[in-house]
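Listed below, chain by chain, are the residues.
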Amino acid sequence: MHHVSEVVTAGGERIEGDVLVELYVRHADRAMRVAYLLTGDRALAEDIVQEAFLRLFGRFLHIRNRAAFDAYLRRTVVNLANSHHRRRRAERSSLARRSGLRDPEPASRDLGEADAMRRALLRLPPRQRTAIVLRFYEDLSEQQTADVMRCAVGTVKSLVSRGRETLRASVRAQESE
Amino acid sequence: MDDERDIREGLERIAGAAAPTGRPPKGFRGRARRRMALTASVVALTIVAVVAGGVAGLSALGRPPVPATGGTSGPTPPPWDPNALHIAFQSNRTGDWDVWAMETDGSNLVDLTRDPSADEEPTWSPDGRRIAFASDRSGDWDIWVMDADGSNPVDITNTPDVSERSPAWSPTGESIAYLRAETKIEGISQTQIWLMRPDGSGQRALLLDDAAHGPPSWSPDGSDVVFARVMRTPGTLASSLWIADAGAGKLSVRRLTDGPDDSDPSWCSDGSPVAFVRSRQADSASSDSIWFVDPGGGSPTRAPVPGVGSPSDPAWSPDGSELALVSNSRPTPAGDIEIVEPHASASLRLTSGPADDRAPAWQPRAA
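As they're listed, the protein sequences go chains A and B.
96 is the number that my numbering gives to position 96 of the first sequence; each next residue is one higher, with no gaps.
31 is the number that my numbering gives to position 31 of the second sequence; each next residue is one higher, with no gaps.
For the record, the hints were derived by calculation from the structure and aren't laboratory data.
Please read all numbers here as calculations on a predicted model, not as lab measurements.
For glycine and all other residues, C-beta sits at the position ideal for the given N, C-alpha and C.
Some clues are possibly wrong.
Said to hold, decoys possible - Computed footprint of chain A on chain B; a stretch qualifies when at least three of its residues, placed anywhere within it, have a C-beta under 8 Å from a C-beta of chain A: (1) 5 to 14; (2) 89 to 99.
Stated by the list, open to error - Each pair of labels, with its calculated beta carbon distance range: (3) Gly106(B) with Val153(A): 18 to 28 Å; (4) Asp6(B) with Ala43(A): 22 to 32 Å; (5) Asp139(A) with Asp105(B): 37 to 47 Å.
The following block holds chain A by itself, in its conformation from the complex (with noise of 0.2 Å):
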């Protein structure tokens, strides 16, 4: 093991330091929102946030357009949130194959069975429900939504068309209920 003797006094600004806070500021809030959106979870949602969060900073001296770094956490979120999707429906079928049961409705722990409009969303499918996030709070243009979600922007105004419809069913059902 060799020691390099020249040595770089520390010293000066926490410049870089304080960029990856400022960056925690400036978007954990919008991206917390984002994810509970797309979970229906909040402690899950903190845990996507807080792990987007890591793997971009862990990746910050490869992000060569930092401005855009809204867009890369976007979809470092929407991917983790896909990617616990991904995970609860193997469990789910392993535990039907298993069981011999139902597959059971997703989680909505946090989520007040009171808004009809909660309930309604938290039932689309993730791929609709993330495309109806995407184009309706994040406000993204269909081909930035199909960006994010690495598909074709037909497919994202497919999701966005169904989705809507069963949004609408679902609200409507819950209120004649």
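Take the given structure of chain A and dock chain B to it, following the hints.
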């Protein structure tokens, strides 16, 4: 409830229930506070070590390599032409980062890792038969080695309290250089360049200092390593390229470029200059371009390569005639892999689409 306004208002109402506090969420605050106390230059490169710090356990240095077992860790054998020349790279096209390979014309894309964890930064053994890469599939970042077709992945570092990334296989095949970040007291850590044998044994630091370091790249004869070294200067950070002698004798380190924002060096081709990315800040926007510098010294020159939007991750082809690099030209943060030939006017785009493709590495030609 079917117009956009109702949906937007509904989503705003639901999102409000996330009760943002303006503070880091529970569980992150401790890490955020620790980060603020870190020396700044170290934080950016070593935050991954804080992830590793969340994993309990004693040091596993010296632990024998652990083969991947069961579950999704073992990829099913993909179609693979052992006679073709490939470029390995990392891509998130399946929703998470995997190591992929394609032939050098962009055809026959193969997902080599197929693991739900992140698999990144591939590097080839000099005989082109194995690939080392960084993966967090064991719970933290380790260096793994697999056969070129994705089979037989093995965790060769297996250190739950240390993060290892950015492997570079030496041209002699005897050593792998990599970045190692170890969480220390209160999460303070440094990213240093270490060396080990391809089976994970003989781990040792190439050098230790208080700077942070970027991914290493080997000289063609396997005697030297070039890397970016991030240092703090009054009021800012500076990243310049340095060369270290990786031999067993007396360590000599010399500065190759002055920075202030040089990174991603690629050497590894006999007679070729070191290619690297130089960033320049102008009007609050940064622009990146590929530069060359003679490894023996001298002034860097801007590389005579055709225009590629915001390039990164340059990698020399085995014969030094072409560069693979990542083009970040689209407004969305997704890279495409291109091949450019210095002094030629054209480039060849190998990947496109919304996926983020990065860290290309050429398969060496079999001897």
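Results for each hint:
Residue count for the region 5 to 14 of chain B with a Cβ under 8 Å from a Cβ of chain A: 7. That meets the three needed, and the coverage hint holds. Here the region 89 to 99 of chain B counts 4 residues with a CB under 8 Å from a CB of chain A, which clears the bar of 3, and the coverage holds. For Gly106(B) paired with Val153(A), a C-beta distance near 23 Å keeps the hint of 18 to 28 Å intact. Our hint of 22 to 32 Å for Asp6(B) and Ala43(A) holds, since their Cβ atoms are close to 28 Å apart.
Distance hint check for Asp139(A) and Asp105(B): the Cβ-Cβ separation is about 40 Å, which falls inside the suggested range of 37 to 47 Å.
The structure shown violates none of the earlier numbered hints.
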